[in-house]
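Since the structure of chain A is already known, use the hints to place chain B on it.
Residues per chain are reported as follows:
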Amino acid sequence: MKNLIAAASIALMGLTGTAIADGHDAYPERPLMLMVSYGAGGATDFQARIVTMTAGNEDALGMPIAIINKPGAGGRVGWNWFASQAEADGYTLGAYNIPHFIAQSIEGGVEYGADSFEPIANWGADPAVFVVAADSEFNSMEDVINYATANPGGLTFSGAGLFVGHHIAALQLEKAAGVKLAYIPNNKGGAGAMKAVIAGEVLGGVNNLSDAFRAREAGNVKILGVFDNDRNDFMPDVPTMKEQGYEIDNASVNFRGVMVPKGTPQPIIDKLAEIVPTMFENGRVAGKMKAGGSPMHIMTRNEVLEMWAAREATLKELLAGL
Amino acid sequence: MEFLLYFGDVFTPFNFMLLLIGTIGGLILGATPGLSPTMAVALLIPFTFRLEPAQGLILLGAAYTSTVAGGAVSAILLKIPGAPANIATTLDGHTMAKKGEGARALQLSFLSSAVGGVFGVLLLIFLTPLLAQWALAFGPSHLFWLAILGVTIIGSLDSSSVVKGLLSGCIGLWLATIGFDDIMGTQRFIFHSSVSGGINVIPALIGLFAIPQVITMFAKGRRRLDAEVIAVEKHPISKAFSEVFSRFRALTIGTLTGSIIGLIPGVGGQIAGLVAYDQSKKMSPERDKFGTGHPEGVIAAESANNAMVGPSLVPLLTLSIPGSPTAAVLLGGLLIHGIFPGSDLFDNHPQVAWTFINSMLVGQILMCVFGLYIAGLAARVAQVPNAVMAAVVLGLAVFGSYSVQNSMGDVYIMAALGTGMYFLERFGFSAAPLVLGLILGPIAEANFIQGSMIANATSSVGTYFFTGALNLLLIAIVVASVGYSVWMELRSRRYITKDDAVAKEEALS
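From first to last, the protein sequence lines are chains A and B.
Quick note on this note's numbering: the first sequence kicks off at 1 and runs consecutively.
Quick note on this note's numbering: the second sequence kicks off at 323 and runs consecutively.
These are computed hints drawn from the structure, not numbers from a lab.
This one's a predicted model, so the numbers in the text were calculated from it and none came from an experiment.
Please note that a few of the clues may not be correct.
Claimed, not checked - Below, in silico cross-link-like pairs of lysine to any residue (SDA-like), each with a Cα-Cα straight-line distance of 25 Å or less: (1) K290/A / K420/B; (2) K180/A / Y744/B; (3) K180/A / G154/A; (4) K420/B / Y744/B; (5) K222/A / N670/B; (6) K222/A / D666/B; (7) K262/A / H514/B; (8) K222/A / Q455/B; (9) K556/B / V703/B; (10) K316/A / D503/B; (11) K290/A / D503/B; (12) K290/A / V703/B; (13) K180/A / G784/B.
So that you can see chain A by itself, here it is in the shape it has in the complex (with noise of 0.2 Å):
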């Protein structure tokens, strides 16, 4: 008898399989939801909100996407949500923020790695800047590496907390210059960090480039070097870090993009997979994403694979000596 219920639940799981994977077809037949890990109002939810703005065209999806933040803990509640509760039912779509997950799941006490998630496409590249206050002694790389060397330690600058984009870049640069900087994490974000810049609390700062683009245009800033391996379109004058002399790759570059968690149907994955990407080349998406001052860095699945992979691998080594 036992072997006839279980012999049929599997027939069944067969039936209701296929019944799904045919189904397939009419995704998505309701709204979507796409889970942000920090607040209303901050860069990451300000360019989900763009970005999905035209799923619900009949071209896209054809269903609109809802923004949910689950804010806390530098991102960690809203992935811990993502990897444990979140149903895999194609439904439940999270954005994803590199190197900070990578990072997170390297230091541990979280329930998410990389291979937690399944990436659907990537929207935006937000590389980590240096700046310094408009009226500061420093004008060049050169110049702050010069006073770290004669001050070691004593080289102050703020960045967005630890194990974030920021703070790789600086790991980076203390790296490749071969001196000792003092890294002060600040608790209220990449605008807390451009606070402490502006108000002379610290020296410099390693900061977002779109957030330092808008406060260089305000006239508080000096933007002395990008932590990417090309300039940036948005700062043409501004030498990258590899150009003044430091080995610094894009390891720190804020990738954003769209994940689901792992479970998630293929057809389903591989229908976002094919749409999504389409949906962020919209015109009305970029205009905006311009207007925003936030650089746009399209990716299919496949190179979001490749690049999460190549990431692990970076920020692991970094961070061993932590």
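Below, chain B without anything else, positioned relative to chain A:
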């Protein structure tokens, strides 16, 4: 006087309609527990996608203004502060409502909100460049001393004794350490997944204030089914006008404290009301009446929390640094139209900047008008039978806690803290100092760690925290505040006796 040129834009039919929608909607959202000003503004952002930049900001600005004032409605009538800004309003406001003076309390709160609010926006219009420098002057060491100043008022805040006030403040400080540490990311006291993000202030606020109420109401409902019906006194608006202005001292202290504290990025909004309440209590000859339904308590708290609205936007509009979560949401509303706050805003988009600021000025007046209108109607809430009321408040409390970050964990936290608070209240402890500890703990801790990291890299911790004019001034105020409390305590020797405890027990039930 540039702002006068753009007043016309506020009164075009469509813009004015948006202003009305924002104001009325904001009052309703603000009166709903759990829907803080930040949430209300964030909810409205998607609606601004299709509007012109100036129109979108009118809607957001009006909503911000009136949610702050609307929070007073639930604070006074239900004793649930809609946001941390309204905590101080509950202390005297709810006691007044219980005496049947709900209409009077609401009228006073809206009138003083308008006075404070208009003053704050005028500061924003005339003194913005000057104020921006002031906002930047507060570094980690100063914010640390400011938080300590906040801690010193814990003891004197709404408790039967200083010791009990300090004890419940300590519970709040401990609760604040739960979760991932803000700076280092280490885990502390995470005994359940619900608290992994720390204790969020809004659910805690709702639980600590509303749940003891609900339990008390249910208990009473069973004992006396024909619960006493409070007669709601009608209160003419003209009388409220003359009362607000005759209590000039509380109004001035509230407005000035709110404006100054509101300016400081990251601290302002949450404690402006409480500091103003404490200051007017200390400077009033009738300080014993505070906490027993004294109108000055409501006036000071509400004028302060609306006076903070204008100055809190100064760092955002001039330096492009959002000083509060609400300002961060407004920043999103600007960016979506490609407008960068800072000099760009005032030089290249003056019609946006000034229309926005003017609409906040007009919004303060409109908020007051509608607020006064609903004050009379809303005060009837006190006539609802206890059992019904308890069910409604419980529903609102669950809804409000859940909606903060869509998490059931917050509902559990709300319920657990609220049940605990019910028993603490039985022993003469009070919720306000506890919440103050919860708010101030992270501010003091994070700024101390940041300050000492900077100090270790540059000079020494001693010179960093104890030199500089602003540090010394703040330390002097801290010492004065502690000294004053000690002196008052010694003079009145108000030890809590068994009789006091019994009296408090009876007052609660």
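A quick look at each hint next to the structure:
1. A hinted pair counts as satisfied when its Cα atoms are at most 25 Å apart, and K290/A with K420/B does not qualify at roughly 55 Å.
2. Taking the CA atoms of K180/A and Y744/B, the gap is near 53 Å; set against the 25 Å cutoff, the hint is violated.
3. A C-alpha spacing of about 8 Å is found between K180/A and G154/A, which places the hinted pair at or below 25 Å, so the restraint holds.
4. For the hint linking K420/B to Y744/B, the alpha-carbon distance of about 19 Å falls within 25 Å, and the restraint holds.
5. About 21 Å separates the Cα atoms of K222/A and N670/B, which keeps this hinted pair within 25 Å; it holds.
6. Restraint check for K222/A and D666/B: satisfied, since their Cα atoms lie roughly 17 Å apart, inside the 25 Å limit.
7. Distance check on the hinted pair: K262/A and H514/B sit about 24 Å apart at the alpha-carbon level, within 25 Å; holds.
8. As the CA atoms of K222/A and Q455/B are separated by approximately 19 Å, the hinted pair is consistent with the 25 Å bound.
9. Restraint check for K556/B and V703/B: the C-alpha separation of about 13 Å stays at or below 25 Å, so the hint holds.
10. As the CA atoms of K316/A and D503/B are separated by approximately 22 Å, the hinted pair is consistent with the 25 Å bound.
11. Only pairs whose Cα atoms come within 25 Å are accepted, and K290/A paired with D503/B is rejected, the gap being roughly 35 Å.
12. For a cut-off of 25 Å, the pair hint linking K290/A to V703/B is broken: about 50 Å separates their Cα positions.
13. Among the hinted pairs, K180/A with G784/B is consistent with the structure: their alpha-carbon atoms are about 23 Å apart, no more than 25 Å.
Going through the hint list in order, the structure does not satisfy hints 1, 2, 11 and 12.
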